Amino acid sequence: GQQVMQIPQYQHVQEGEDFTTYCNSSTTLSNIQWYKQRPGGHPVFLIQLVKSGEVKKQKRLTFQFGEAKKNSSLHITATQTTDVGTYFCAGGSQGNLIFGKGTKLSVKP
Amino acid sequence: GAVVSQHPSWVICKSGTSVKIECRSLDFQATTMFWYRQFPKQSLMLMATSNEGSKATYEQGVEKDKFLINHASLTLSTLTVTSAHPEDSSFYICSASPYRAFGEKLFFGSGTQLSVL
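So the sequences go chain by chain: A and B. Numbering of the first sequence is given in the numbering used here, commencing with residue 1 and proceeding in unit increments. Numbering of the second sequence is given in the numbering used here, commencing with residue 1 and proceeding in unit increments.
These are calculated hints, taken from the structure and not from any lab test. Keep in mind that the hints are not guaranteed to be accurate.
[Unchecked claim] DSBU-like, lysine-lysine: derived pairs with alpha carbons at most 30 Å apart:
#1 A/Lys70 / B/Lys105
#2 B/Lys66 / A/Lys101
#3 B/Lys105 / A/Lys36
#4 A/Lys57 / B/Lys105
#5 B/Lys41 / A/Lys70
#6 A/Lys36 / B/Lys20
Quick caveat: nothing in here was measured; it's all calculated off a predicted structure.
The following block holds chain A by itself, in its conformation from the complex (with noise of 0.2 Å):
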């Protein structure tokens, strides 16, 4: 069945460095969708791509959608302590919408 892949699953940095998270589909997507889960929270939609090749900027946050739309990329620009939670990746597909397995950030001051 489709699968979205979200590589790491855990990522340790130091405040001040950089953080990428990659999203990979087993299908070709309609749009891919990106959430941060703060701990003990919900989730929290961030962003939307819908077009092969789209790139959006939220301040320090990038977002990428692949050529083929089958994948995707959240880069953080010198990380925050406030950036800690967990993304994740949505991809929409054939009428679902299936959510990687996401990547916990912790940033160590």
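Add chain B to chain A, keeping to what the hints say.
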């Protein structure tokens, strides 16, 4: 943004009892709501899609009789865990979207931590 309210936030129950979890869209109507289960340090597992006025659509492997879903109005969906057992202990979370088009962003409830003794 849109608000999805989920209640209760946590519940502890005895094995064999049933637990009802409510998911409400506070400022929009949702013909579709989604129910997920999340184990510690794991991703969101879609359990079922709740459809207003019709039967829910369950994902493969999810027992319909175990997890009863009712979506009686455009703002409320309920998930009832029937005859709960310790293995049902988990974090349950719902989501909904105010947008009609598929693929639009989801708004999540705050989740319900269920502990079955």
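Verification of the supplied hints:
1. A/Lys70 / B/Lys105: The given pair, whose Cα atoms are some 19 Å apart, holds under the 30 Å limit.
2. B/Lys66 / A/Lys101: With a Cα-Cα distance of about 25 Å, the restraint between B/Lys66 and A/Lys101 holds, given a limit of 30 Å.
3. B/Lys105 / A/Lys36: holds, 13 Å
4. A/Lys57 / B/Lys105: holds, 17 Å
5. B/Lys41 / A/Lys70: holds, 25 Å
6. A/Lys36 / B/Lys20: holds, 27 Å
Figure legend: structure checked against the earlier numbered hints; every hint is met.
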